[in-house]
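Novice: Taken in order, these protein sequences are the chains called S and R.
Be aware that the first sequence starts at 1, since it is given in my numbering, and climbs by one per residue.
Be aware that the second sequence starts at 1, since it is given in my numbering, and climbs by one per residue.
Since the hints were made in silico from the structure, they are not lab data.
Glycine is no exception: its CB is placed at the ideal position from the N, C-alpha and C atoms.
Just to be clear, a hint being listed does not mean it is correct.
Have a look at the derived ranges for each label pair, beta carbon to beta carbon [said to hold, decoys possible]:
| id | chain 1 | residue 1 | chain 2 | residue 2 | range |
| --- | --- | --- | --- | --- | --- |
| 1 | S | G67 | R | N163 | 34 to 40 Å |
| 2 | S | A271 | R | A198 | 54 to 60 Å |
| 3 | S | I114 | R | L146 | 57 to 63 Å |
| 4 | S | V153 | R | R211 | 51 to 57 Å |
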Amino acid sequence: MRSSDRRRRASAIAIAVVLCAGPSMAQRPARGFDVERLYTSAPGGGWFVMDALDMRGKLGGAVTAIGSYARDPLRVTDGVQRLTVVSDQAFFQLGFAGTYDRFRLYATFDSPLIVQGDGGTIGGYTFTGPSVDPASSPDAIAHGRVGFDARLVGDYDAPLRLGIGFQLWIPGGAPGALRENYLSDGPPSDTLGAYTAMARVLLAGDYGAFTYAGHLGLSLRQLSDPVTPGSPQGSEAIFGAAGGAKLAACRACTMRFVLGPEVFGATALRAAFGTNTTALEGLVTGRFEGTTDDAPQLRVKLGVGGGLNAHFGAPEARIVVGVEVFQRSTK
Amino acid sequence: MNELSHRGLHDIRDESWNLYGQYTYITSYKPPIHAPYTNVNGSPNSLWTQAERGFTSTFTFFGGVRLWPGGEVYVVPELIAERAFSTLHGLGGSTENFELQKTGSEAPTLYRSRLFLRQNFDLGGRRVEKTSDPLQLASVVGSRRLVLTVGNFSALDIFDRNNVVGDLRQTFFNEAFMTHASWDFPADARGYTWGATAELYLGDWVVRVGRLAPPASPNSYPLDVRLWKTYGDQVEIEHDHKLFGRAGAVRLLAYRNYEVIGRFVEAIAALQADPTKNAAACTSYNYGSGNFRAPDLCWVRRPQVKVGVGINVEQYVADGVGVFARAMFSDGRTEVDAFDSADRDFSFGVVAKGSLWKRPFDMTGVAFAATFISDAHARYMSLGGIDAFTGDGRLERSGPEELFEAFYSLNLLRAIWFAGDYQFLANPAYNRDRGPEHVISGRFHAEF
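Bound-form chain S, shown alone:
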C-alpha cells in the first residue's frame, strides 16, 4: 500500500471518529446555579439590603416577610444572539430576628414562587429553561440563612456606626432539580445545594434628617464555572450603599417615612469588576415605619429598580415589597 493511500485512509478514519463521537464538543449542557443576588438585610435591618445597625435596649425582635420579583435576571449572549435563560424570578422570604443591646441573631428562609425562562443553544452551550411555580414546589425552601450582626462602634442613633455581620447559607431541598432551576449552586439533579457563607463590615449613621448605610464584604461561594456564560466564578466581594431622608409622617404621630436609593452589587474576586463578572443593581426604596420603643412597630417598605450593570444576576428590573413587625424594648 502506498504511503499516500495510508494517509488518506488515516484521515478518513479520523474524520469518521470525530463525526461519530457522541454529542458535539461544541455544544455542552449548561448547568444551573443560584442566580439570585438580592442579599437581603436581617429582619429589622431597615433597608432592603443595607443595615441600619440601630439595635438597642433589652430583648427585642423582628419578624419580616419580603417578596421580590425580578425580570430577566439571566440573559446570555454570544454577541449575535441573545437568550433569556431566566426571564422571571420571584421569591418569598420569611425571617425572624432577636436583638439584645447591640447584637442581633436571625434566621431567614427563602421560598421560590416563580422561576421561568427559555431554553436554547447559544455560544456552544445548551441551556434548559427553568420552570418552578408554587404548585410544583409546594414547600420548597431555596435556602435558609442564619446570621449574627453586632454594632461595634457608636450608639444606635450616632452619626457614625460600624459593625460586623456573619451569615451561613443553608441550601434548601426540594425533590427535583434545584440547580437546574437556577435556585442552587449544588450538584445537578440533587436535593442538596452548596453551603455558602458571608461576612460583612457594616456602616450606618443618622445626621439630622439624613440616614445612610453601607456594607463591604465577602461571599464565600463554592461554585466556580468561569467557562459557562453567566455562571458564578467562585467567591465574590459584595458592596453597597444607601442613603435617604427621614420625614415625619405627621406632626403628632410616631411614624416616619424614609426615602432614598440603595445601590448594591457583587463581583467575582477572580475577575473583579469585570463587566460580565459584576452585578450592580439599584433600588429606590421607600419605607414607612413606627419609631416608638417598647411597643410593636410596623414597617412597610417598597423598592423599585433594576440592574445598573445587568449582568451576573442583576436583573433588568426588580420590585421588592416588605412587611415587618419589630419591637425594641428599653425596659
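Fit chain R to the known structure of chain S by using the hints.
Specialist: For chain R alone, coordinates are given in the frame of chain S:
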C-alpha cells in the same frame, strides 16, 4: 419560652410570639425476614428480605406571631435526612417510622413544612386558657369560638388528633398510631398540603371542616392547588367528656376526596380487554413495574371520588394512664393518593406517663394495629399489580397487616428523651406468605 418568662422577658400566658424547636433522631434495625419470593415478575415493591438499618433525623423550628387580635401566623421550617427500609416499599399501613417521607434522602434537606394564618373569632362562653406550645400562642379564648386556618399545613394538625397518643416524637414510632392508616388525607409527598379549614367550638362539641389540595399525581410531590377542580373535603365532629372524672373524647371523621386516581377493577378490565395495557407498557405516570402480565393503574386514572369514615376514641383511666382506639373504613375502590396503601384499619393501645413510678416525664405504651385491603385491591395485587408502596408481583394468600408495638421513653433533664421500641409486623404488604418483620428502634429527642 418558660425560661424567658422566668426572667420577665416574655408573657407566657398571653403571648405575642413564641419560638420552639425540636431535634429527633430515630434509628431502626430489621433482621432478615422470611419470604418464598420477592419482587416477582418485575415488581419493585417488596419489602427486602435482608437485614436493614434505617434512620430519620429531623430538626424543626416552630415560630408563631400574633398579628392582630385573634390573628396568628405560624411558620415551621424543618431539616430532614432519612433512609427507609426497602426505599419505603413493602408495607401498607404500618411503616416502622412515622417521620419517613416519600421524597426523603440521606442528604439533609431543608424545607418549609408549614406556613399558615389562623384567625380566632370569639363567640363567648366560659374562658379557656390556651397554653404556650408549638403551633399555639398562649392566650385566653372563649369556649365558643370559630377558628379559621388557611395556608400550608398538615391535615393532621387539625383533624384526628389524639391526646393519649400525643406527639409521636415522644410515644409510638409506627405510622399506624399517628392517624388512621386508611385515611387518604390530601398531602404532598412530604405529608403537607395547602388549603383551608374551619373549626367551630361549642363548649364540649367541636365541628371541623376543611378543603385541602391533593397531589397532582398519586403520591407525587407537586400539588394540584386548583381546589375547585380536585380537592379533599374533610369533616370531623368531636365531643369532649369526662368519664368518672377522667378526660376523654370521641371524634368522628369522614372524608370525600375528588382526585385523579385509578380504580382497581378498571385497571384489571383494561388489561383483560387489551393485553398491551399492562404494567410494563405504561406511557403515563406509573410506579415502575416491569410486569407485562400485570394490570396497572396508569391506564385508568381519571378524576373520581374516594370516601371513608372513621372513629377516634381517647380516654384517661387513671392518673397519667390513657387508652385509645381508632377505626376507619374507606371505600377500597381506588388506589392510595397521598397516604398509606390501606383501605380499612383499626388500632388500640394504652399509654402511661411515669408519674406512677416516680418518673413523671417518662412514658411507656403498648398498642396493636391491623390494616386491610379491599377485595378489589387484593385481586389487583394477586394479578401482579402494584401501587405506590405495595405489590410483590404475586399475592396468593392475602391477609391484614398486623402490628404490635411497645416502647419506653426515658426523660432526662426535662427536655431530652431516650426511647427504645420493639415492633412485630405480620403479613407485610398484606401477604401471608412473607414475613413476619421484627423492628428494633431507638430514639433521641430534644426540645426547647
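Novice: Range first: 34 to 40 Å. Now tell me if the beta carbons of G67 (chain S) and N163 (chain R) are that far apart.
Specialist: Holds, since G67 (chain S) and N163 (chain R) (Cβ atoms, about 38 Å apart) stay within the stated range.
Novice: Starting from the range 57 to 63 Å, see whether the pair I114 (chain S) and L146 (chain R) falls in it by beta-carbon distance.
Specialist: 34 Å, violated
Novice: Using the C-beta atoms of V153 (chain S) and R211 (chain R), is the stated range 51 to 57 Å upheld?
Specialist: 55 Å, holds
Novice: Taking 54 to 60 Å as the hint, is the beta-carbon distance of A271 (chain S) and A198 (chain R) inside that range?
Specialist: 57 Å, holds
Violation of the numbered hints given earlier is confined to hint 3; every other hint is satisfied by the structure.
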